[in-house]
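A.B. asks: What follows is the residue order along each chain.
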Amino acid sequence: MSLDRGLGGPLRVINLGLQVFADDLRAAGVPVVQVDWRPPAGGDPALVALLARLEDDED
Amino acid sequence: MIGAEVWRSFYQDSVALMRLAESLRALDGVEEAAALMGTPANMEILAQAGLATAETATATPGDLVLAVRATGETAVRAALARARELLTERRRAPAAAGRPAPRTLDAALRELPEANVAMISVPGAYAALEAKRALLRGLHVFLFSDNVPLADEIELKRLARRKRLLCMGPDCGTAYLAGVPLGFANVVPRGRVGLVAASGTGLQAVACHLAALGEGVSHGIGVGGRDLSAEVGGAMTTLALEALGADSSTSLVVVISKPPAPEALPALEDAVTRVGKPVVVCCLGAAAPPGTHARWVGTLADAAPAAVAGLRGETWTPRPFGDAAAVRARLAAHAAGARGRSVLGLYTGGTLAHEATLLLEPLLGRAVHGPGAGGDAAPRIIDLGDDEFTRGRPHPMIDPGARAARVREAGRDREVGVLLLDLVLGRAAHPDPAGPLAAAVAEARRAAHADGRSLVAVASVVGTAADPQGLDGQVKTLLAAGIEVLPTNAEAARFAAAVARPDLAPRILGDRP
Numbered sequence: 107m108s109l110d111r112g113l114g115g116p117l118r119v120i121n122l123g124l125q126v127f128a129d130d131l132r133a134a135g136v137p138v139v140q141v142d143w144r145p146p147a148g149g150d151p152a153l154v155a156l157l158a159r160l161e162d163d164e165d
Numbered sequence: 005m006i007g008a009e010v011w012r013s014f015y016q017d018s019v020a021l022m023r024l025a026e027s028l029r030a031l032d033g034v035e036e037a038a039a040l041m042g043t044p045a046n047m048e049i050l051a052q053a054g055l056a057t058a059e060t061a062t063a064t065p066g067d068l069v070l071a072v073r074a075t076g077e078t079a080v081r082a083a084l085a086r087a088r089e090l091l092t093e094r095r096r097a098p099a100a101a102g103r104p105a106p107r108t109l110d111a112a113l114r115e116l117p118e119a120n121v122a123m124i125s126v127p128g129a130y131a132a133l134e135a136k137r138a139l140l141r142g143l144h145v146f147l148f149s150d151n152v153p154l155a156d157e158i159e160l161k162r163l164a165r166r167k168r169l170l171c172m173g174p175d176c177g178t179a180y181l182a183g184v185p186l187g188f189a190n191v192v193p194r195g196r197v198g199l200v201a202a203s204g205t206g207l208q209a210v211a212c213h214l215a216a217l218g219e220g221v222s223h224g225i226g227v228g229g230r231d232l233s234a235e236v237g238g239a240m241t242t243l244a245l246e247a248l249g250a251d252s253s254t255s256l257v258v259v260i261s262k263p264p265a266p267e268a269l270p271a272l273e274d275a276v277t278r279v280g281k282p283v284v285v286c287c288l289g290a291a292a293p294p295g296t297h298a299r300w301v302g303t304l305a306d307a308a309p310a311a312v313a314g315l316r317g318e319t320w321t322p323r324p325f326g327d328a329a330a331v332r333a334r335l336a337a338h339a340a341g342a343r344g345r346s347v348l349g350l351y352t353g354g355t356l357a358h359e360a361t362l363l364l365e366p367l368l369g370r371a372v373h374g375p376g377a378g379g380d381a382a383p384r385i386i387d388l389g390d391d392e393f394t395r396g397r398p399h400p401m402i403d404p405g406a407r408a409a410r411v412r413e414a415g416r417d418r419e420v421g422v423l424l425l426d427l428v429l430g431r432a433a434h435p436d437p438a439g440p441l442a443a444a445v446a447e448a449r450r451a452a453h454a455d456g457r458s459l460v461a462v463a464s465v466v467g468t469a470a471d472p473q474g475l476d477g478q479v480k481t482l483l484a485a486g487i488e489v490l491p492t493n494a495e496a497a498r499f500a501a502a503v504a505r506p507d508l509a510p511r512i513l514g515d516r517p
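These protein sequence lines are chains A and B, in that order. The opening residue of the first sequence carries number 107 in this note's numbering; numbering runs sequentially from there. The opening residue of the second sequence carries number 5 in this note's numbering; numbering runs sequentially from there.
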């Protein structure tokens, strides 16, 4: 949702990390999906950095 | 004896782990318990706590480490068994609610294709990857994680600008989008003031002061503490100002930050000029640049009345205390009694700690931010939310234990005469932060009295009546422990200085220059 369409629209959230944030949003009636997140690449920081570089941002 | 287990590739967030460790500590015979992810920093903490074993040495960052010290083997075994039960329950909970929870952002997007915001609070080393993925998929990002490298922040914000998306953070604690609070946020009414903040607690404080004055927030956009640095150049502050300028529900904008780097100031001033609406700037510690189009104020507490005056076309001038007569009476009550010379600030809000430092230094001398320099009357201000205190444990707004321990210690410190405290309420914060703080202050004051000293505790509360903890009840708990509660952090800091240095009270009260 680009800012060109304004800030006003209803919020729909994907939460990665602290479950308490998703619980609070759900209690406020906001649609939210909690990701059962775990460290990628077995938590290896070098592999994680490589994954970030491989993400395609040429659009 | 010590017992430990390593659960391979088993992730739990820091709040869940804190609660797990708390329930293990409450078991019979358990002296100490830790539940941590196996990062190098956490393994250092484990070693310092004397809980490291040959087993824990094999942990990698993706592994969960459980360690327990208890009176005997039976107690150790019982505690580890209880931990297994609790963890298994937790893992089952989402699956029991229906299908298993998605494990990646893309899987979550298949469940909620119209999602427009990703909230990211995973450990800093992984946060940039997830944030980049979210931006590439067209989502605004609320990036709560800290310890994200500066180079990653610059890249993420560049990408966000190109895609006309908000990258709020890293290290963004609070935001309000379309009336919805994100992260650590107080329950405040929707209204016509737009906020742009490089500080979570700064945003919370201004939103609460606005609510107390009968005004609400249209949107509150967090940008992370480094946004107005030379390197980041205000990339998100300027985009947020543009968005609020175009937003029809916003009539006035408040910018909250530490002083901008000189390199970022022209971009900020330019964006302020283009908003096309009145702007109040609160860059703590910075004076208004010549020719500015905004009203610059000196404290978080002043930002709200300045904004309200701007909205209502009224005039307003800052005053050191809202109710100077009441403050005089309270100060008189503390005139007698032997006590230490020093003010010790123990903060959970980083910006509140910074603001207190700025207010105390001209009165009491240069502040110290680490352990006291023995025999020194200099103020000591400690931000317990700082990275060095939060490695491997939740933020002190969630976990009040670390500060409570320091408050108790202060009771035994002959140098400390005044404790200066903040209390931050709102969503995601501890359900009753005043309870453990009041108990610790009461204990510290008893220890000081037993030693023939008095100890004055001064606090301010960031909160509203609509917060889950309830402002009135929390204030009452503090008052019942003999804590002086002032309406703002700035007033609390000034009050603390006047107690420590009664000779300066007339100047602090504005009775003489």
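Heads up, some of the hints might be wrong.
[Claimed, not checked] Some, not all, of what chain B presents toward chain A, calculated at C-beta under 7 angstroms:
1) Val10
2) Arg12
3) Gln16
4) Val34
5) Ala58
6) Ala61
7) Ala105
8) Asp110
9) Arg114
10) Glu118
11) Gly128
12) Leu133
13) Arg345
14) Ala432
In short, the hints are calculated from the structure, not lab data. Computed from a prediction, not measured in an experiment: that's the story for all the values here. Note that CB positions come from ideal geometry on N, CA and C, so glycine has one too.
A.B. asks: Next step is simple, just say for each hint if it's right about the structure.
C.D. replies: Against the structure, the hints come out as follows:
Interface hint at Val10 of chain B: violated, since its Cβ lies 13 angstroms from the closest Cβ of chain A, which is beyond the 7 angstroms cut-off. For Arg12 of chain B, the interface hint is violated, since its Cβ never comes within 7 angstroms of a Cβ in chain A; the closest pair sits about 9 angstroms apart. Because the beta carbon of Gln16 of chain B sits about 9 angstroms from the nearest beta carbon in chain A, more than 7 angstroms, this interface hint is broken. For the restraint placing Val34 of chain B at the interface with chain A, the shortest Cβ-Cβ distance is roughly 25 angstroms, beyond the 7 angstroms limit, so the hint is violated.
For Ala58 of chain B, the interface hint is violated, the least distance from its beta-carbon to any beta-carbon of chain A being 21 angstroms, above 7 angstroms. Annotation: interface hint on Ala61 of chain B violated; nearest CB of chain A at approximately 16 angstroms, more than 7 angstroms. Hint on Ala105 of chain B holds. Least Cβ distance to chain A is approximately 4 angstroms, under the 7 angstroms limit. Hint on Asp110 of chain B is violated. Least Cβ distance to chain A is approximately 10 angstroms, over the 7 angstroms limit.
Proximity of Arg114 of chain B to chain A is violated relative to the hint, the smallest CB-CB distance being about 9 angstroms (cut-off 7 angstroms). Checking Glu118 of chain B against chain A by beta carbon gives a least distance of about 5 angstroms; that is within 7 angstroms, so the hint holds. About 10 angstroms separates the beta-carbon of Gly128 of chain B from the nearest beta-carbon of chain A, more than 7 angstroms, and the hint is not met. The beta carbon of Leu133 of chain B comes within 4 angstroms of a beta carbon in chain A, closer than 7 angstroms, and the hint placing it at the interface holds.
Taking 7 angstroms as the C-beta cut-off, the interface hint given for Arg345 of chain B is violated, the closest approach to chain A being about 41 angstroms. A least Cβ separation of about 5 angstroms between Ala432 of chain B and chain A falls short of the 7 angstroms threshold, and the interface hint therefore holds.
In summary, the structure is inconsistent with hints 1, 2, 3, 4, 5, 6, 8, 9, 11 and 13 from the numbered list given earlier, while agreeing with the others.
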